[in-house]
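Undergrad: Please build the complete structure, drawing on both the sequences and the hints.
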Amino acid sequence: MELLYKAVADNGLVAAFAVVGILLWISGVISRHIFGGRIQGSAIAILGALALAYLGGALTGKAKGLSDVTGFAGLALMGGNMMRDFCIVATASEVRVSEAKKAGALGVLALLLGTVLPFFVGVGVARAYGYVDPVSLTTIGAGAVTYIVGPVTGAAIGASSDVMALSIATGVIKAILVMIFTPVLARFMRLDNPQSAMVFGGLAGTVSGVSAGLAATDRRLVPYGALVATFHTGLGCLMGPSVLFLIVKALYG
Amino acid sequence: MLVMFGTALLAVCYLLGIVAGDALGILIGVKANVGGVGFAMILLIASLHFAHTRGVMTVGAERGVTFWAALYIPVVVAMSATQNVVVAFKSGIVAVLGAAGSVVVCACMIAVINRVIERRGVDPAWQNALPSAESD
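In order, the protein sequence lines correspond to chains A and B. Per my numbering, the very first residue in the first sequence carries number 74; after that it's consecutive. Per my numbering, the very first residue in the second sequence carries number 3; after that it's consecutive.
These are calculated hints, taken from the structure and not from any lab test. Hints should not be assumed to be uniformly reliable.
Unchecked claim - Lysine-lysine pairs mimicking DSS-like chemistry, simulated, CA-CA at most 30 Å apart:
1. Lys33(B) / Lys174(A)
2. Lys79(A) / Lys135(A)
3. Lys92(B) / Lys135(A)
4. Lys174(A) / Lys92(B)
5. Lys33(B) / Lys79(A)
TA: See below:
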């Protein structure tokens, strides 16, 4: 037992492969036998992983979910940005160029709306709960775009650290909500073809939310959504401290 | 060895894409990578297309790319397991409402736009033409 424990602790990444494999296998069994295949195995696996992340965070009091628990550290490497982006790029081998081209202009429109709409929802909520200065309002609004746009914008315009934390929390909750509710809302959003996935990628933002949400809905849509979503954070970081901040300043300054 | 060629091609595209994204970020004065993954994807699509038309793409090399594409869902599951869910639960009403509000607004916007696309007519052929890549 001690030998096994040591082997797991010393070989984090490999252990993570085994953990995720077991989780996916259990999820597949649940999907087939309990839900009759109506809920995708990957959706159940992602929900289960989020539940485990809560458990890990509650046990350790740290920020990186299950990977902070001894023996599960490899999950941080396996699920980190490098692996995620590498695999997303690999899915481009499945993109049909003719499909991607059709949604070009629409993707740009979706990206713009996906930055501006969440921003002003965030600003509106913050305003309703008593935040009045343009810097805090902009930072919280930017957090509603993605959890990277929030702190980048906040740092650029000099927000206080508690507002930054609130901004990041907003973005993290948004990403998790997108992960959970994309498969639920897929029919309502008509999310069933490459063009719609690109619109989704632009509007829903957050690469992590989009990639997990599409994976749980229809694996084949992933590269189309990711292709657009990858520009989301950049656009947000560009507009947040500049145009959007100036607008907020003009409105509430 | 041939499998490695595919993975190496993928890696080179990835790195060049990230460099392009960082360069674009510096160019427009943003402290972030702007579309690096997107550039990498476009590079990979272009180089795979080039390799196919030249006939130098082997089944083995192809596998060096598709393996990583198939690993995508497991990686996303691992990513989900490392999210800071506790903070998301605990943080105040502002964060929850801000996030939920923007998700609802965006979902409605997506529904509107996609219904417009649908009315213009979507080619249903892609459903049958794409190889099934379900990996769960």
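Undergrad: None of the hints should be skipped; say for each whether it holds.
TA: Going through the hints against the structure:
Pair hint Lys33(B) plus Lys174(A) holds up; C-alpha atoms about 29 Å apart against a cutoff of 30 Å. Distance check on the hinted pair: Lys79(A) and Lys135(A) sit about 23 Å apart at the alpha-carbon level, within 30 Å; holds. Under the criterion of a C-alpha separation no larger than 30 Å, the hint pairing Lys92(B) with Lys135(A) is consistent with the structure, at around 13 Å. Straight-line distance between C-alpha atoms of Lys174(A) and Lys92(B) comes to about 42 Å, which puts the hinted pair past the 30 Å bound.
Restraint check for Lys33(B) and Lys79(A): the C-alpha separation of about 41 Å exceeds 30 Å, so the hint is violated.
In terms of the numbered hints stated before, the structure departs from hints 4, 5, listed from lowest to highest.
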